[in-house]
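Chains A and B supply the protein sequences, listed in that same order. Just so it is clear: in the first sequence, position 230 is 230 by my numbering, and no numbers are missing. Just so it is clear: in the second sequence, position 121 is 121 by my numbering, and no numbers are missing.
No wet-lab data here; the hints were simulated from the structure. The model shown is predicted, which means the values in this text are computed figures rather than measured ones. Some clues are possibly wrong.
If several chains are the same, the list does not tell them apart, and a pair holds so long as it fits within one copy or across any two.
Unchecked claim - No farther apart than 20 angstroms at their CA atoms in a straight line, the calculated lysine-lysine pairs in the PhoX-like style are these: (1) 87 to 111; (2) 258 to 272; (3) 248 to 216; (4) 216 to 111; (5) 74 to 258; (6) 272 to 188; (7) 111 to 166; (8) 248 to 74; (9) 248 to 272; (10) 216 to 74; (11) 74 to 272; (12) 216 to 166.
2 protein chains.
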Amino acid sequence: MVRLSVDCMGGDHGVSITLPACQAFLQSHPDAELVLVGTAAALEGARGWARCTPVLATEVVTMDDSVEVALRRKRDSSMRVAIQQLKAGAHVCVSAGNTGALMAVSRYLLKTLDGVDRPAIATVMPNRLDGYTTVLDLGANVDCQPEHLLQFAVLGSALVAAVDGKAEPSVGLLNIGEEAIKGSETIKRAGELLRAAGEGGHINFHGNVEGNDIFKGTVDIVVCDGFVGNVLLKTSEGLASMLGDFIKQEFTRTPLSKLVALVAMPVLQRFKHRVDHRRYNGAALLGLRGLVFKSHGSADAYAFEQALARAYDAARNRLLDRVQDRIGDTLQAGLAAPPTGDIAPETAA
Amino acid sequence: MVRLSVDCMGGDHGVSITLPACQAFLQSHPDAELVLVGTAAALEGARGWARCTPVLATEVVTMDDSVEVALRRKRDSSMRVAIQQLKAGAHVCVSAGNTGALMAVSRYLLKTLDGVDRPAIATVMPNRLDGYTTVLDLGANVDCQPEHLLQFAVLGSALVAAVDGKAEPSVGLLNIGEEAIKGSETIKRAGELLRAAGEGGHINFHGNVEGNDIFKGTVDIVVCDGFVGNVLLKTSEGLASMLGDFIKQEFTRTPLSKLVALVAMPVLQRFKHRVDHRRYNGAALLGLRGLVFKSHGSADAYAFEQALARAYDAARNRLLDRVQDRIGDTLQAGLAAPPTGDIAPETAA
């Protein structure tokens, strides 16, 4: 039995999306049970559901709430109560709430693992191999030091091993050229650390990769600082959305092109399915003493269900233990020693 | 009369691409003349062309040559001789040769302008407004300081004013959130500098922008350090190429989908033209005492012709004077004072 704690109020649409997603998820996962967290009124719709336990919260963290508000003012928010459930037997928590707040509250309530200075956010992006590439960090940490990038590599390896069943997933360090001499001082030193960790058998280090390697599927995991990760994610989302809209515009420009669109529909649908970002929904917050997954705020029921499924897979495959084991190994090897002169972490919206 | 100096040997294809491009360019630009730089054998094909002056070089910088080789060993390369022509009356130089070498040789021969610590590379990316967004820096400078980002903003403003005829193009600072408190220390300080320059009337500063704003067309110019710029450019190229190939694959998967492709061809062609990156070929090297434009190494004749046209527009609209004026203004205002403790610049491939 895997128990998921669900913040039913999070995201742009709240229960109108999360509850149908939970229902569909329960049907396809007979050994899952859910803790549904929300206001009494919102949870009315789930009254009497099998394998579901309602837990009430009186407040909701909105998408615009600052970290400050989420942490200090809304102490009975559905987000916070849902995370708290990890201490009461839930194996993993899922929320579509705002990223900054979710990371801050998770970090406050759960604390980080020994050997992890900063938790990271890992997501997946589709690649040419019809698989996906895991990228981290995605916005939680700016001004990273080399040691942090090594920690991200270890955290990402544990994630991919757990969720995708690859024992030794390959790791690439995002850089502006494949040669080891490229990049900033931080990246060069990170490259040395990752190489040493690879030689010590702690990770499967491929070497430097470039932005286009994410989509080539050159490696399983791409590691970068949170600033670069956030920029590349938002750039990719913006480009994909623009291209999608351009296709739509061209196929609806004239009565004739609309007719063509009808004929081309099955092909266009296959293309759409192939790059459907909803299938890849569910980013992992890694490095905490508990498993938290973040759904896209604008997720629909199908997308939120995918996030639940990813969270379920991670919990079922003991992601938390794996992360702890891997981080422990690198700590023992003296590779992940916390850097001195740490800069206060920051969380992106 | 605008005189362009063309490195005919650069790029993946050399004269087989550059000479046809030059021919087409001359036809549509009756007041242009070209200095064609290459080996005697390679320039045979252009013998007797009107408005063309051949200048011989005995060596060629390959796409794999290091900066070291380009600078110190191949002293009679077509790239170097082409840049040198700027001192003999040419108004602008165009090369499809390797970026690192082109920047290094340009910098060595031309030197930077007063008030510019590091030259930048600016390119354009298509946006939703069916226009384009200028992005810099794209790989020449890692570990940028706030003062460098301000310089990039001023250089970019001069470029867009000259090439696109916008008197006061808007500038956005690439960040991980729109709020001024987001981002690394460098970005925050850069934001303050850019705001001050905006208030002083030196640039038209919009504020922070995010990765997706490049494609939204939120601002005319997006400023970032060379590491981030290189990552976002390569990520975008990789994603666009993957999506294009996916469309192709879906439309050729079965005999039926091939038939559908025939019917949909005019629509697909219009889409293809709309996002054709060849139309946007021609990146500017800014901040030097001379105008140099860089074509994509894999450019075909059409793409190389676009790079020639962009370079021509820049020279015709006195880009160099404009850059000098703008940089001079900000220097006088005490905004672009060179930072102390400068880190050695680095050039990306």
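Do the hints match the structure? See the list:
{"no.": "1", "hint": "87 to 111", "verdict": "within (12 angstroms within a copy, 63 angstroms between copies)"}
{"no.": "2", "hint": "258 to 272", "verdict": "both (17 angstroms within a copy, 17 angstroms between copies)"}
{"no.": "3", "hint": "248 to 216", "verdict": "between (26 angstroms within a copy, 16 angstroms between copies)"}
{"no.": "4", "hint": "216 to 111", "verdict": "neither (36 angstroms within a copy, 38 angstroms between copies)"}
{"no.": "5", "hint": "74 to 258", "verdict": "neither (50 angstroms within a copy, 57 angstroms between copies)"}
{"no.": "6", "hint": "272 to 188", "verdict": "neither (39 angstroms within a copy, 39 angstroms between copies)"}
{"no.": "7", "hint": "111 to 166", "verdict": "neither (28 angstroms within a copy, 51 angstroms between copies)"}
{"no.": "8", "hint": "248 to 74", "verdict": "neither (42 angstroms within a copy, 50 angstroms between copies)"}
{"no.": "9", "hint": "248 to 272", "verdict": "both (11 angstroms within a copy, 13 angstroms between copies)"}
{"no.": "10", "hint": "216 to 74", "verdict": "neither (43 angstroms within a copy, 34 angstroms between copies)"}
{"no.": "11", "hint": "74 to 272", "verdict": "neither (39 angstroms within a copy, 50 angstroms between copies)"}
{"no.": "12", "hint": "216 to 166", "verdict": "within (18 angstroms within a copy, 38 angstroms between copies)"}
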